[in-house]
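Residue numbers (our numbering), protein chains in the order written: chain A, 1 to 828; chain B, 1 to 169.
These aren't lab readings, by the way, just hints derived from the structure by calculation.
There's no promise every hint is true.
Computed footprint of chain B on chain A; a stretch qualifies when at least three of its residues, placed anywhere within it, have a C-beta under 8 Å from a C-beta of chain B [said to hold, decoys possible]:
| hint | stretch |
| --- | --- |
| 1 | 36–46 |
| 2 | 211–220 |
| 3 | 722–728 |
Now the in silico label distances, taken between C-beta atoms and shown as ranges [claimed, not checked]:
| hint | chain 1 | residue 1 | chain 2 | residue 2 | range |
| --- | --- | --- | --- | --- | --- |
| 4 | A | Ser521 | B | Arg136 | 39 to 49 Å |
| 5 | B | Glu165 | A | Pro46 | 40 to 50 Å |
| 6 | B | Asp95 | A | Arg596 | 35 to 45 Å |
| 7 | B | Glu140 | A | Asp408 | 17 to 27 Å |
| 8 | A | Arg596 | B | Asp133 | 49 to 59 Å |
| 9 | B | Leu74 | A | Ala74 | 24 to 34 Å |
For glycine and all other residues, C-beta sits at the position ideal for the given N, C-alpha and C.
Here is how the chains run, residue by residue.
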Amino acid sequence: MSSSQPAEADAEVESESESFTGQGLPRVEDHRILTGEAEYVHDITPENCLHMALVRSMHAHAEIVDIDTSEAEAHPDCELVLTAEDLKADYNPMPTGVGRVKIGGTGEAVELPEWSLADEKARFVGEPVALVVASSRYAAEDVADLVDVDYDTLEAVADGMKAREDEVVVHESIGTNVVDHEHIEFGDPDAAFDDADRVVEGEYSWGRISGVPLETAGVVAQYDDEADSFDIDCNIQLHTLVDETIYETLGYDADDVRVNVPADVGGSYGTKIAIHRYCCLAAMASQQLERPVKFEEDRLENLQGGDMHSSDREYEVRLAVDDDGTMRGLDVWFVDDFGAFPRYPINQVLKPLSVLTNSYEIEDVSYEYDLVLTNKTSQTAYRGFGVDPHIYALEMIVDEAAREIGTDPTEFRRRNLIRPEQMPYTLPSKNIYDSGDYPATLDRIQEIVEDERDGGLLDPEVVAAKREEGKYRGVQPSVIIEPGVSGSDWTDRQRSNRDALEERSREEVEELPEHLRAEISEDGTVRAFLATDSSGQGHQTLVSQLLADELEVLPSDIEVGYLDSVDAPTEYGSAASRMAVMLSGATVGVAEELVRNLEELAADHWSVSTDDVSYQDGSVELIDGDDSLSLAELAAIDADGDERRTRASYDYDHPATELEEFDEALTGKLPVYPTAAFGSNAPIVEVDVETGEVEILTFHTVRDCGTMLNPMIVEGQAHGGIAQGVGAALLEEFGYEANGQPQAITLFDYLLPSIENVPKIEMEHTETPSPFTETGAKGVGEGGMIDAPASIATSINAALEPLGLDEPADRIPVAPDHLRKKIRDREQ
Amino acid sequence: MSTDSTDGIDGHVTEEITVTVNGEAVTAEVEPRLKLSDFLRYECDLHGVRVGCEHGVCGACTVQQGGRTVKSCLSYAVQADGAEIETVEGLASEDGTLHPIQEAFHETHALQCGFCTSGFVMATKELLEENPDPSREEIETGLADNICRCTGYQNIYEAVERAAEAMED
Ligand code: FES
Ligand code: FES
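Given the sequences, and given the hints that come with them, work out the whole structure.
Next up, the structure:
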């Protein structure tokens, strides 16, 4: 259990304010970080600790003929060398995301095991083949160099579309690379496409990008021989959900494996969900040696084979439209590249169903995908969880349709927007948008754009003069939805029998609440414990701020810590724009429970009824009497009792489980996101037609995430998301050669946006509270990354419109070489 | 400050160095290949020095050596023999009062996960020492060697400007 004492909160804010919720209170997390006192996982090195290094495959696809460990074992600093053979004797393979793959016409189901070390065959560059343990990290790397692996190389496949042809098969036991496929139809898309005046088609690709947190993966594992149990400190995300993967692989019960995530994690953005391989390997090594074992992933490992890439996709999209500008039908087909193994949890192909038609009203939709394996690093989640490419492809086809029918793309969008009187709005795919006025947000962003045309960045004279210099400016506003607050029951749709889902009952749906505990300490301060991990989102601040209001005390009277996997119930945790909603709901609940308890405690103490006492301002008062008990006094009284009434815990139910409107989606394992934050963007871009380089001059955005609990954190999340969206749109990509060699294995090749690349963000907010959540909050963790790439791409198309190019931004990233080629091809 | 080393001494070539770190002299036996960043993190227990890439791109490991910022992952501890190093741990005053740069980062929410933050704070320190009133362009140039993956950079500009103001007073 780790905890932290809040830093001195701002006295000024505290004394002047009635309510802390809704204020931009500076974070309690900051002090320890700014002074270098924060303890990230890499900072933990127990006494007697050994260090692990991994031997990784340099081939994308190769038989492992022989592994000679003798020289490594002879190194004086070497303590242990393990290969797959050793693991298979004592442990299990890692759980995968597609349990069993049905093959051929027979439909026979075949297992697809992934061992923590490559078994007989290496399937991607960077796949761990052996582990070594030595006295220091430096020595471990020396020893790893001495492990001699004899490979027989095979032809590799590194392109998702090509992999579908099964010429090179990544797993011969199943004989195909297409491990999952689904075609879902909503309404009557065939009829819509037949009836519509025209059908517009487009092909778009989304490159392999990812979160690339500055802190790489880290683990410190200690096996306790006497108790036959493990203690694992690591920076895994969702440690109360994906801890299962660790227990299953080790073959131990949950109670015997304590997974603890430090209070400070150096970024995750979804990607650290998949680092359980390291946790297991370090745990196994520690069990073999009966000493603590530490692993610090280095950046090269992280970029090439660190299980931290997200998916890449090829889209073929069709939109059926009438000449009057009505969107009639949508048809989305795509291939999603998993990499070498279907990792758990995986379903980035399904979450887009929760925003199937973005902000538009389209009833008839076809959605179809192939999930394919290739000789690339396996995919994990990344901020947006597959929604970002979907929104991008959709916005591109909408633009293209506007061009084809010769209408203004903004007017075309407006005509088809879901209207406020339709809220709550049920999508064809059964998710529900809670609230919002989309036309109004488009109006506002259009006003801002008009202002820029009036003597600003888009002043016609300036635009014309710039064009003379070969610099093309443009913008294309749009309205984009950020689905929030996942309940993850749907994420194992691909491990379920989908035919059986038709008959699934509501009782079988797994509920995913969020847990919070609180207790009064003897000095009268309040301690709260989060069951989730966090990586910079300010959860401690949020809870202390809200709890202070609920208990009518000061945020500095509240200390917030974390529970490890054994103490925390198996709840869902930090993911999918979820925590503001779930933690705020849980905070209100736990405070109400605590107040009830305290009133009972005081009533018993005074031997009166609870009607005669009342809680306020951090004490319980005797009504009609002049006695009161402070929190410290109540804690002292409670210390003598048998049941502790100065403690409370609360599970805030997921909003969708409370509302029967979501039942159809829940029982059908369709993604359910009960909040729809939304916003309109207008990034003004300038493309240099000589170099193909894109500069974003200003990123205008109007955003609505319901009630803003802490506006400073809300803005911070949006800034960060937009910065990552800029990187995705213009810079980042894990490129691969056809033979599966990764091309981006240092930060010189995988380009992260620096202060020079991220534009000025001009942000406005509106607040439309969610009717579905306790506090009206909607969640903000993924916005920016979800909406910026699409908006930047359509703005690039708009900027280059005068050149008559055919959708220049048809791939992400829209890197300079791509644009240059498009421009030159046209000139010839 | 602890100077005990778990790195293998047996059979490894080592050299004795003395480095002044945040005003205190530290003498240690180190392997010539020990990176300065690892020396500071593990020999001197200064965990505020973070390593994000260990190849000179991210700037998380930025410290001051002889008053100028260096990326401590790009040099070896032996090269710092006799040098004066300052890390983020040396900034706040004895009584715990934050340095104006630290305070400004806090007030403007210029950090989220915080992994990049000590590097940014140290780069800002050099920037403001050289140029107490930098323009946005000068801030951009001054911080272009550091990456933050969480916050975007808008609040970082603001932190630098606020720190500049505070330090002027
Ligand atoms: S760790 Fe030194 S620059 Fe990244
Ligand atoms: S705050 Fe996370 S990398 Fe900068």
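Checklist line | Coverage assertion for the stretch 36–46 of chain A with respect to chain B, Cβ distance below 8 Å, three residues required | finding: holds (count 8)
- With a Cβ-Cβ cutoff of 8 Å, does the stretch 722–728 of chain A contain at least three residues near chain B? Contact hint for the stretch 722–728 of chain A vs chain B: holds, 3 residues under 8 Å.
Check: Is the hinted range of 49 to 59 Å satisfied by the C-beta distance from Arg596(A) to Asp133(B)?
Finding: With Cβ atoms ~56 Å apart, the hint holds.
**Request:** Starting from the range 39 to 49 Å, see whether the pair Ser521(A) and Arg136(B) falls in it by beta-carbon distance.
**Result:** For Arg136(B) against Ser521(A), whose Cβ atoms are near 46 Å apart, the range 39 to 49 Å holds.
### Query
Is 35 to 45 Å a correct range for the gap between the Cβ atoms of Asp95(B) and Arg596(A)?
Hint holds: Cβ distance 42 Å, inside 35 to 45 Å.
Report task. Hint says 24 to 34 Å; check whether the CB-CB distance for Leu74(B) and Ala74(A) agrees. Result -> Between Leu74(B) and Ala74(A), where Cβ atoms are some 33 Å apart, the hint holds.
Between Glu140(B) and Asp408(A), does the C-beta distance stay in 17 to 27 Å? 36 Å, violated
### Message
Can you confirm whether chain B covers the stretch 211–220 of chain A, using C-beta to C-beta distances below 8 Å and requiring at least three such residues?
### Response
With 6 residues close enough to chain B, the hint holds.
Outcome of range test on Cβ distance (Glu165(B), Pro46(A); 40 to 50 Å): At roughly 44 Å between Cβ atoms, Pro46(A) and Glu165(B) fall inside 40 to 50 Å, so the hint holds.
Checked against the numbered hints above, the structure breaks only hint 7 and satisfies the rest.
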